[in-house]
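Quick note, the sequences are listed as chains A and B, same order. Read left to right, the first sequence gives residues 1 to 333 (the numbering used here). Read left to right, the second sequence gives residues 1 to 307 (the numbering used here).
The set of hints was computed from the structure by calculation and includes no laboratory data. Since we're looking at a predicted model, the values are computed, not measured. Possibly wrong hints are sitting among the right ones.
Lysine to aspartate or glutamate pairs mimicking EDC-like chemistry, simulated, CA-CA at most 20 angstroms apart [unchecked claim]:
#1 A:Lys202 to B:Asp273
#2 A:Lys202 to B:Asp261
#3 B:Lys264 to A:Asp92
#4 A:Lys199 to B:Asp137
#5 A:Lys202 to A:Asp214
#6 A:Lys199 to A:Asp214
What follows is a set of in silico ranges between Cβ atoms, one per label pair, in the way DEER data are often shown [as the list claims (entries may be wrong)]:
#7 B:Leu5 to A:Ser89: 29 to 35 angstroms
#8 A:Ala196 to B:Gly166: 27 to 33 angstroms
#9 A:Ala210 to B:Val181: 52 to 58 angstroms
#10 B:Arg84 to A:Leu211: 46 to 52 angstroms
Derived list of chain B stretches under chain A, where covered just means 3 residues or more per stretch with a C-beta under 8 angstroms from a C-beta of chain A [as the list claims (entries may be wrong)]:
#11 91-101
#12 108-117
#13 219-231
#14 253-265
#15 287-297
Here a beta-carbon is modelled for each residue, glycine too, at the ideal position from N, C-alpha and C.
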Amino acid sequence: MSKHHLLALSALAVSIALPFVLIAAGQEYLIGLLTRIAIYGLAALSLNFILGYGGMVSFGHAAYFGVGAYVVGIMSFHAFQNSTIFGLSGSDAALFTWPLAVVVSALAALVLGYLSLRTSGVFFIMITLAFAQMLYFLFVSMERYGGDDGVIMYNGRSFVPGLDLSNDLTFYFVCLVVLVLFMALFSAVVRSRFGAVLKACKQNEARMLALGCDVRRYKLVAFVIAGAVAGLAGVLNANLTEFVSPDYLHWTKSGDLMIMVVLGGMGTIPGPVIGAGVFLALEEFLPAIMESMALAQYKEHWRIVFGPLLIIVVLFARGGIHGLMFRGQSNGR
Amino acid sequence: MFLLLEQILNGLQLGVFLFLIAAGLTLIFGIMGVINLAHGSLFMIGAYAAAVSTQWSGSFLIGILGAVVVAGLVGMAMELVIMRRLYNRDHLDQVLATFGLILFANELLTIIFGRTPLFLDVPPFLNGSAEILPGIDYPVYRLTIIAVGCAVAALLYFVITRTRAGMLIRAGSTNRDMVAVLGVDIGLMFTLLFGLGAVFAGLAGAMAGPLVSVEVGMGEQQLILAFVVVVIGGIGSVRGALVGAILVGVVDTLGRAFLTDFLKLFMDTASADGIGAGLSSMSIYILMAAILIARPNGLFPVAAQRH
Chain A
1 MSKHHLLALS ALAVSIALPF VLIAAGQEYL IGLLTRIAIY GLAALSLNFI
51 LGYGGMVSFG HAAYFGVGAY VVGIMSFHAF QNSTIFGLSG SDAALFTWPL
101 AVVVSALAAL VLGYLSLRTS GVFFIMITLA FAQMLYFLFV SMERYGGDDG
151 VIMYNGRSFV PGLDLSNDLT FYFVCLVVLV LFMALFSAVV RSRFGAVLKA
201 CKQNEARMLA LGCDVRRYKL VAFVIAGAVA GLAGVLNANL TEFVSPDYLH
251 WTKSGDLMIM VVLGGMGTIP GPVIGAGVFL ALEEFLPAIM ESMALAQYKE
301 HWRIVFGPLL IIVVLFARGG IHGLMFRGQS NGR
Chain B
1 MFLLLEQILN GLQLGVFLFL IAAGLTLIFG IMGVINLAHG SLFMIGAYAA
51 AVSTQWSGSF LIGILGAVVV AGLVGMAMEL VIMRRLYNRD HLDQVLATFG
101 LILFANELLT IIFGRTPLFL DVPPFLNGSA EILPGIDYPV YRLTIIAVGC
151 AVAALLYFVI TRTRAGMLIR AGSTNRDMVA VLGVDIGLMF TLLFGLGAVF
201 AGLAGAMAGP LVSVEVGMGE QQLILAFVVV VIGGIGSVRG ALVGAILVGV
251 VDTLGRAFLT DFLKLFMDTA SADGIGAGLS SMSIYILMAA ILIARPNGLF
301 PVAAQRH
């Protein structure tokens, strides 16, 4: 058993044990943080698939996160109102709305990815950002679903037969299972033939084209997969907060996801999840840390520390945290 | 008809703002190969500097001067301290580092000025409206903005095509290394060029001050629109930035003004309102997608890009 496997198993053991430790220590509210880490870890994992392995710098990944969340939010809204949308009556059944949300996110990624992938490089960055902004404004303009204010899911979390999602502990484990499942899945995909082609496109697109590979189609498939998984993460987040708003698609959210990927370690499977954990933990604890350093009056301005921190990481620690942990070892990048 | 003319002028005025921002963005990208998200922050810094120096001096012109100087200096400092280290990095690093800059700039301005927006008044000598056609009045201030934008575009055109500095800029965008080998201090040129882009963004921010509220985050919205402009126009092309900016400004303004009424010709009021609001906020992105399908490199692609 290698060092990697050992670490992965112990990380899994910790994430299973941690909520019980928190309950024993009377810090139940931190289970919400753990759940958020699992959810954003999933979203960052999906972004890393196209960013770290495919070399596609998508600056609009929050769009799919938001679309997935909105599908669940809107279905819940209609279930609460007893009304219909496109002839479909609302629903709270996870087995119906969750796959629907994933499919809609995948479709959105298919359309926007098809258009965006006509370009590359810096054009691609700008275009993915612009399209995400377009969806943002689309949801802002939908007065029926609260416009700027968003949709509150009055019926609470989705309904799954045999599981009580309204229990925070249960919900955390659902998110954890989904995350671990997709980590395993992505790990298998990047090792597959498809993954090899994707990585090759990142390294040398011209050569892949010369080999007769339809680069754009491979990239599009990867883009759609990433969009679908981000949509699922959005679904989980909507369920966690029981609330969906255009903020889900805000461009800074796309930036945050990108930061998580790079902070943790691009082009690795655990990297994005580590990045999400560190990012959200910083967000949670940086204000308190600043307070303890007699900077209490600035604690709501924790970003003034975070911004320069980010610049330093980019300039000097390129492999991210995963890279620092396994410095000098080949990790398949 | 009057309304149409007025809205077209409003569109032009939005286009001028976008041009001032996009021109710097596209020049900086075309020559240095850097994508700078913090360009929108320079717009915001310009607006704040204008608000502060106008309040301090009581003169809007000094406000403009303050904005231009502060934005230019901040821009050059940004280049010297951070951007310079990013020229040889990939775009992802540039995006992340400049994203960090945005977070820092936004938070710093929040600490200094608080969350309450500042307001700038239209200067008295530009207050009031002029009769542009018999029976049609239009605010003088907005006309001035359009005039300033045209003047900047003309100046930029002159500098780039007719002067030695412009020749170096053009040469630098074609082959940066060759220009350096020929003995041009490329580092200095980059700093100055970055400053120039910052000056334009600051000028736009100062002029926008009296029309919008000066608040933290005001730059990002403009930045994303400027990206759309640059994508439409072609990266690195100032002419493309001008055409793209005016297209985006006019389409966005006309869409918001008329699309809902137009849809009401075909459908009932309620659905026209809903679809109109959605479509008009998406109009420029749809325009961008359409242009992208026809010309993947924008309307005025710059041939010799090797970044």
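Now for the hints, and whether the structure bears them out:
1. A:Lys202 to B:Asp273: violated (45 angstroms)
2. A:Lys202 to B:Asp261: The given pair, whose Cα atoms are some 47 angstroms apart, is violated under the 20 angstroms limit.
3. B:Lys264 to A:Asp92: Violated, at about 35 angstroms.
4. A:Lys199 to B:Asp137: violated (60 angstroms)
5. A:Lys202 to A:Asp214: Since the Cα atoms of A:Lys202 and A:Asp214 sit roughly 13 angstroms apart, the hinted pair holds (cutoff 20 angstroms).
6. A:Lys199 to A:Asp214: holds (14 angstroms)
7. B:Leu5 to A:Ser89: 29 to 35 angstroms: The hint (29 to 35 angstroms, Cβ to Cβ) is violated, given that B:Leu5 and A:Ser89 are roughly 48 angstroms apart.
8. A:Ala196 to B:Gly166: 27 to 33 angstroms: violated (48 angstroms)
9. A:Ala210 to B:Val181: 52 to 58 angstroms: With a Cβ separation near 32 angstroms, A:Ala210 and B:Val181 fall outside 52 to 58 angstroms, so the hint is violated.
10. B:Arg84 to A:Leu211: 46 to 52 angstroms: violated (38 angstroms)
11. 91-101: holds (count 9)
12. 108-117: holds (count 3)
13. 219-231: Holds: 6 residues of the region 219-231 of chain B have a Cβ under 8 angstroms from chain A.
14. 253-265: Coverage by chain A is violated here, the residue count being 0 at a Cβ distance below 8 angstroms.
15. 287-297: That given contact holds, which follows from 6 residues of the region 287-297 of chain B lying within Cβ reach (below 8 angstroms) of chain A.
In this structure, the earlier hints numbered 1, 2, 3, 4, 7, 8, 9, 10, 14 are contradicted, and the remaining ones agree with it.
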